[in-house]
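**Student:** In case you want the letters, here they are:
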Amino acid sequence: MKRTALFVVGWALFQGVYADTLWLSETPPPKRSAENVQLAQPLMEHDHAQHQPMLQTVSSVQATSATAAAGVKKHKHGGGAEVDADGEVVADNTHSGKKQVWMRGGDDPRGAKHLSGVQGTLTLLSQEGALPSVALAEDKGLSTAKLDLPDLGFYNAYWMQNMDHGGMLHVQVAKAELLHGTCCSKGVDDEEVAKPIINVKAPLELVREHYPDEGLFTRIVSGDKVNFTVFSFGLPVAGAKVTMISHKGWQNTQTSDADGRVSFIMIRDYYPSWLEFKKRFKQSYLMTADLQVPSQVTLDGVTYKSAYYNSTLAGSYYPSPHDYRSYAWGLGIGLFVIVFGGLAVYLYRRRRLKPYQEARIDDKA
Amino acid sequence: MTKLESIRTAVNNVQFNRFRFWLQMFFFVLLVYGGFFAIELGKHLPTFACGYNKELRGGMCYLMTLQHQLEWPWQKLFSVAGLTVLTSVGIFFLWFIALNKGWCGFVCPVGTIQDWITSLRRWTGIRYSRYSWGQFQWLMQIKYVLLALMLLIPLGIGGGWFNNDLKSPFCMICPGRTIIPMFGADFSQLSIDFSSKVNMTMTVLGLSVTGLFFIGAFVKKRFFCFYCPMGALHYLFSKPALLRLKKEGSKCTRCGDCFRVCDQEIKIIADDVTRKEIMTDDCIMCLKCVAACPEPGALKATFAGIPIFESTEEGFIKRMKKGHTDVK
Ligand code: SF4
Ligand code: SF4
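Residue numbers (our numbering), protein chains in the order written: chain A, 18 to 382; chain B, 12 to 339.
Keep in mind that the hints were calculated from the coordinates and are not lab data. Just to be clear, a hint being listed does not mean it is correct.
[Unchecked claim] Partial selection, computed: residues in chain A whose CB lies under 8 Å from chain B:
hint : residue
1    : S343
2    : G359
3    : V362
[To be verified] In silico DSS-like cross-links for lysine-lysine, where the CA-CA straight-line distance does not exceed 30 Å:
hint : chain 1 : residue 1 : chain 2 : residue 2
4    : B       : K178      : A       : K295
5    : A       : K242      : A       : K296
6    : A       : K163      : B       : K87
[What the hints assert, rightly or not] Here are some chain A residues the structure puts well away from chain B; computed CB gaps all over 12 Å:
hint : residue
7    : R127
8    : Q144
9    : S150
10   : A154
11   : L166
12   : E226
13   : I282
14   : D286
15   : W291
16   : H339
Note that CB positions come from ideal geometry on N, CA and C, so glycine has one too.
Chain A extracted, bound-state conformation:
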C-alpha cells in the first residue's frame, strides 16, 4: 500500500517535471505581476552529489515561500523595467552589455510565469570561451541573474539540471542567447560573429544559425526562415523533436535531420489596427527540443539505464518591414514630384519668355 502510494506520488511529480518547460527569458515581469509569480515545481530530492543544482525541494520551497511572497509584494510596488501590455520590454537594450535573465515556466512565450525559488548557476560562454558562472538569485521574489557581457558579441547562458528518475537520467537545459550589440560600430567581422557558440558539456542544446551578414544588430522578422541545429555534447544530433512556439502560441514541431538541423518560418501573428501598429513590437518565440536516449548513458561518472534530455531557447522577432514599407509608393511620390516639378519649371520659364520682337527701321522714312 505504502509502496503504491509512493509510486503514485513519484509518477505525478515525474509528470510535473515533463509538463513544465523551464526557460531563460530576457523579458522582465510586467510591473503588476503578483499573480504572475509562481514558485517552482517542487521536485524529487536528487540523489547524486555531482548533480547540477536543482530546483528547491518541497521543504526548502516551504521555508522560503514567505520570503518569496514578501518579494512579490515589494515587486508589485517597486517598479521595474518598462513592459507593455503584451509582456514585452518596451526599451531595447541590445546596445547594453548589462543583461538580466529570468527563469520562466510554461510554454506560452507571452504569458509564461516568472518563477521564484529556482536554484543553480548560469554557465556563460562567449566566442573566446567560458566566463565566470553566475548564480541565480532572488530579486523582488523572482529567480534571476544579472550578467555582464564585457565585449561586443554574442554570449550563451545555460542553466542545467540533472535528475535521476529511478535509473533514468533527466537533464533540463535552459539556454539564452544574449547579444551585446551595436547598430553603429563598424569593423564588425560578420563571419566571426556568425560562428556558433556550442557548449560541449550540454547534453542537449539548440543553436540558432546566424544569417551570413547578421552582424550585431540584425533582427529576426516575421517571414524569415530561421535554422537551428540540435547538438548533444557538441555533436549534431538527428531525431530530436524540436518545437517552435510563436508569441501567440502557434506551434510547429519538426524532427532534426542527419545534420541535426531544423528550419522554421517565423510566422506573422501580430495583427493590430493601423493606429496601434508598432514596427518595433518585440515578440518572443520559444524553442524546445526533446531527445530520448534509450541506451545506457554515463554522466559525471554515473551510469544510467536511459536518458531523456530537453532543452529550451527563447528569442525575439519583430514585424517584417514588408508589412509597413512600400517601395511603390516611395518611388511613385518621388517620380510624381520630379515630373510635376519639371513641368512647373518648364511652364514658369515659358511664361516669362518674352516673345521675339523684330524692330525694323525704315531708312527711307
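Place chain B with the ligands on chain A using the hints.
**Tutor:** Same frame as chain A, but now just chain B with the ligands:
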C-alpha cells in the same frame, strides 16, 4: 623665380575646375566607399557623409549624431552625460576649422552629386535658373528655420513633448539619406513607412524633397546648399576657421565675373569693396570666384593667414583659353 614663387604661380594658374572635380571625386570615394577600405573617420564630420550608408561610409555626418544626442531624456542630457554632447561639438569644431566651408565646396558628397547634375544639364544645353534678389533674400532664411527645427524637435522628444517617431527629423527629409545609400546598392530608403502617421508623413516628405532635389539641382546650381542647415551651423562656427576667403577691395574693378560664376549667387562677392573677410553664410567656399577673377590679388584663399590660391591675370587668361565654362 624662387622655388616657392614657382609653386605659387603653378597653383594660381591651375585648371581649377579639373582640379576641383578630381578632389571632389577623391572625397566622394573616401566618404561614400571608405568603409570598404576600412576607413572610419568618426561620427562628427561637418559634411553629409550619410549614416544611413551603413556598411560603406568612411565617416558619419555630425547632424545625425547631434540629433541622436539631443533626443536623450532631459535627465540624461542635463547631467554629466551632457558632457558627451559638448565633446562631440568639440570634435566637430576641430574637423570644421581645418576647412571651414570648404567642406561644402570640396568634400560634401551631396554637393558633389549636385555638381554632377549641373554637368548633365550643361551637356543637354538647357539653361540654368537664378533667383531674383527678392527671392534670394527670403529663401536664404530657410536654412536657419531648418537648423532651429533640427535642434528643437529632438530636444522636444527628449522632453517627452514629441512622438519618438519624429526622431532625427532632419535626416528624414535629407536627400542624402535617400540618395547616398544607393551608391552602395541599398535602396531601402526609397520606401514609404506606413507604420504610423508620423513615419508616413516624414517618409513622404523625405521622398518629396528627394524629387525636388533632382529637379532643383538640374535647373539651379547647388540648389540644396542654399537650404542646408549644415551650412547654417558651419557659419556659426566659422570665425576661427583656418581656411578663409579674402577680398582686397582696392584691387577690385567690380567687373562681376566672380558673381557670375558663383553657384550660390552671392552678390556681395562682387559688390562689396570694403569688406576683407568676404565669406557669407551662403558661401560654400568652392573658390570658383577666385579662379574667375582677372584682377591680381583681388580675391584669395588663405590657410592660417598664408595665401594658398589667389586671383592672377596669368591664371585667369590660362583658364579662359582652356574654356572656362562655369558661367553656363
Ligand atoms: S571678379 Fe574680381 S575684380 Fe571682378 S568683381 Fe569679382 S572680385 Fe572684383
Ligand atoms: S562666393 Fe566664391 S567661394 Fe563662395 S560660393 Fe560663391 S564662388 Fe564659391
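**Student:** Now look at each hint and say whether the structure bears it out.
**Tutor:** To see whether the hints hold, each was checked on the structure:
no., hint, in the structure
1, S343, "5 Å, holds"
2, G359, "5 Å, holds"
3, V362, "5 Å, holds"
4, B:K178 with A:K295, "15 Å, holds"
5, A:K242 with A:K296, "19 Å, holds"
6, A:K163 with B:K87, "23 Å, holds"
7, R127, "21 Å, holds"
8, Q144, "21 Å, holds"
9, S150, "33 Å, holds"
10, A154, "28 Å, holds"
11, L166, "21 Å, holds"
12, E226, "21 Å, holds"
13, I282, "22 Å, holds"
14, D286, "17 Å, holds"
15, W291, "8 Å, violated"
16, H339, "10 Å, violated"
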